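A.B. asks: One-letter residues, chain by chain:
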Amino acid sequence: MVGIVIVSHSSKVADGIKDIAQQMAKDVNIIAAGGTADGEIGTDAFKIQEAILKANTGNGVLIMVDLGSAVLSAETALEFLDEELRQNVCIADAPIVEGTIVAAVQASTGAMLKDVLKTAIGACTLRKI
Amino acid sequence: MVGIVIVSHSSKVADGIKDIAQQMAKDVNIIAAGGTADGEIGTDAFKIQEAILKANTGNGVLIMVDLGSAVLSAETALEFLDEELRQNVCIADAPIVEGTIVAAVQASTGAMLKDVLKTAIGACTLRKI
Amino acid sequence: MSKHVAAIIAIGQAIITNKEYLTELDREIGDADHGINMAKGFEAVIHKLSGLDEDKDVGFVLKTVAMTLISSVGGAAGPLYGTAILRAAVPATGKFELDAITVQAMWEAAITGIKERGKASRGEKTMLDALEPALEAFSVGIRDGKRLLDCLNLASVAAQNGVEYTKTIVATKGRASYLGERSIGHQDPGATSSFIMIKALLDFFRSQGSV
Amino acid sequence: MSKHVAAIIAIGQAIITNKEYLTELDREIGDADHGINMAKGFEAVIHKLSGLDEDKDVGFVLKTVAMTLISSVGGAAGPLYGTAILRAAVPATGKFELDAITVQAMWEAAITGIKERGKASRGEKTMLDALEPALEAFSVGIRDGKRLLDCLNLASVAAQNGVEYTKTIVATKGRASYLGERSIGHQDPGATSSFIMIKALLDFFRSQGSV
Ligand SMILES: Nc1ncnc2c1ncn2[C@@H]1O[C@H](COP(=O)(O)OP(=O)(O)O)[C@@H](O)[C@H]1O
Ligand SMILES: Nc1ncnc2c1ncn2[C@@H]1O[C@H](COP(=O)(O)OP(=O)(O)O)[C@@H](O)[C@H]1O
Ligand SMILES: [Mg+2]
Ligand SMILES: [Mg+2]
Ligand SMILES: [Mg+2]
Ligand SMILES: [Mg+2]
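Residue numbers (this note's numbering), protein chains in the order written: chain A, 1 to 129; chain B, 1 to 129; chain C, 1 to 211; chain D, 1 to 211.
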């Protein structure tokens with residue numbers, strides 16, 4: 001199954017999204033990587049790198065991010081990965097809460113990374129009301 | 001200023017979004033209303049109702065939601081409000097993290113509810129990557 | 001205890017008995033909490049009703065039930081059943097006994113409430129797929145001059161068929177809609193809890209030998 | 001302590017001195033943490049460098065600085081300055097003294113790194129609006145055969161002008177872009193920290209009476 005890393009500036013947000021998504025997709029490897037190393041609001045490329053390694057079980061990893069600056073840290077994390085794994089990780093330009101939930105459900109079916117990514121991106125068009 | 005209520009199934013998510021948004025808009029009245037009354041994953045219409053009352057300072061309230069079922073609780077909460085306040089509250093069909101942050105920034109300028117709503121909805125089109 | 005309170009407690013007990021079952025259904029196409037949510041809600045309801053004065057009319061009791069479910073269920077079912085019961089309370093205001101026509105009006109109001117709240121209609125794999133055919137069967141019974149108990153029996157059978165029907169369709173509302181086509185083959189938890197409640201009401205009246 | 005380590009510590013001290021100032025700038029058009037982030041980063045850098053062996057070349061030292069900033073800054077500036085310094089480390093690998101040409105190559109690599117990481121270009125109200133004109137001025141100095149210190153002085157003046165320029169433009173990258181037109185009139189915190197670092201480097205070399 002594709003693994004999922006949740007990169008939020010807030011560790012509470014990342015942890016809570018994991019809780020919600022895991023309810024609907026309990027077998028998916030979802031790793032929260034929120035906040036800075038010292039627990040402040042921010043992101044940490046090394047925490048993200050570690051989370052990617054944990055999330056990967058051989059089928060690639062989707063990274064969900066909250067803001068543009070989370071992308072900066074996530075891309076920096078990618079630079080530190082082995083070339084092979086890096087080819088199998090992508091960052092979703094998708095809403096972090098909504099995207100993670102639908103991506104997790106999709107990943108739970110054993111879908112491939114590119115399809116899980118597509119589903120995450122598609123979350124933007126799901127109406128709530 | 002328009003107040004903002006954050007309705008997530010997870011209290012961690014709601015609290016964390018408030019933390020992130022408040023950093024960029026410290027004067028905006030942002031109230032987190034996440035989780036059920038007993039702290040589980042879910043939503044609670046009465047908690048939301050209370051949050052709306054707290055968030056309102058006379059210029060209306062924008063409600064941000066994570067999933068469709070949060071909308072059900074939010075709309076139920078609206079039913080319990082006075083007609084006058086209800087006219088001044090709306091639920092945004094917008095990504096909860098991204099929408100709350102941009103809405104908070106917009107609200108901090110003293111913008112009207114309809115403009116804050118529009119900004120929140122527009123968050124879907126903001127590219128991260 | 002008034003009969004209407006006893007009836008609601010019977011419904012609650014049926015839900016609590018089926019807590020695991022409903023939760024397992026929700027695990028397949030949702031977030032594995034429907035039984036937990038509903039049982040929590042009805043435990044709160046039973047507790048609340050046990051403290052209620054004897055002399056409350058059906059409308060008042062139902063309002064209490066609705067507010068309690070709304071404040072304790074947590075999932076989509078909370079605002080949905082809560083709104084339904086709030087609406088059903090209106091035609092029952094001031095009443096201590098319900099005739100078939102009043103029950104029909106209450107049921108209609110409940111369904112309208114659910115549809116307004118959930119913006120769903122029949123065929124979307126929700127509780128409506130049990131509740132709406134059940135009301136139709138109930139109404140046929142009334143039209144044919146059947147007793148309330150027999151009308152309820154027709155409703156219960158129709159609800160059960162509705163539950164079976166949900167296995168054949170795609171979910172387009174609620175969480176299960178995230179699964180798209182993969183929701184086919186699974187039975188909707190909300191439709192199932194609706195059926196369980198109708199059946200419990202039927203069994204309660206049967207056990208009373210009444211109506 | 002090697003001169004390049006001393007230079008970095010001087011830069012770090014300038015950032016730490018300006019912690020409040022940078023944070024206040026970021027309060028206007030961001031999340032009020034740029035000074036906090038950068039000071040935290042350079043405190044970690046200073047601590048890290050104090051434990052480093054004397055015999056490390058500039059490239060090694062810069063890699064250490066970069067990794068430390070990446071792991072401790074927390075804001076966008078962490079991966080941006082971190083990437084910049086990682087890239088700048090490459091032409092400095094194995095070197096213990098830097099000539100103007102190497103510094104120019106390092107600076108170019110740094111800017112390329114920031115642009116790649118941040119997908120920004122000059123005129124978007126970012127650190128690039130200080131760093132890029134500064135490099136241009138530095139390069140003009142080199143072309144004109146100026147000493148490294150004089151080149152750095154030109155760079156510092158250009159960076160300061162760049163900071164002033166950021167007041168006149170709209171932010172289209174990073175957090176400040178959420179403000180749209182309202183970002184005009186405010187000075188970019190990242191451009192400011194870039195200027196502070198260049199100025200600190202200039203002052204350090206001046207105080208050494210060197211280059
Ligand atoms: N929009 C809707 N309209 C009608 N019924 C709905 C709607 N959304 C969900 N439901 C019903 O609610 C049930 C799920 O309830 P529950 O598990 O308590 O909620 P949640 O999905 O929030 O966990 C579904 O099986 C379905 O019958
Ligand atoms: N995409 C980008 N490209 C270049 N510089 C950027 C970019 N995004 C932000 N910056 C710079 O980073 C500075 C903000 O840094 P900081 O406050 O540490 O980050 P954050 O916005 O995550 O809190 C901005 O003032 C700007 O100069
Ligand atoms: Mg559920
Ligand atoms: Mg639920
Ligand atoms: Mg900042
Ligand atoms: Mg920040």
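Just to be clear, a hint being listed does not mean it is correct.
[Unchecked claim] Derived DSS-like pairs: lysine-lysine, alpha-carbon spacing no greater than 27 Å straight-line:
| # | chain 1 | residue 1 | chain 2 | residue 2 |
| --- | --- | --- | --- | --- |
| 1 | C | 199 | C | 167 |
| 2 | D | 146 | B | 128 |
| 3 | A | 114 | D | 119 |
| 4 | B | 26 | D | 173 |
| 5 | A | 26 | C | 173 |
| 6 | A | 128 | B | 114 |
Since the hints were made in silico from the structure, they are not lab data. Fair warning: this is a prediction, and the values are worked out from it, not measured in the lab.
A.B. asks: Checking each numbered hint in turn, tell me which of them this model violates, lowest number first.
C.D. replies: Hint 2 is the one this structure does not satisfy, whereas the remaining hints hold.
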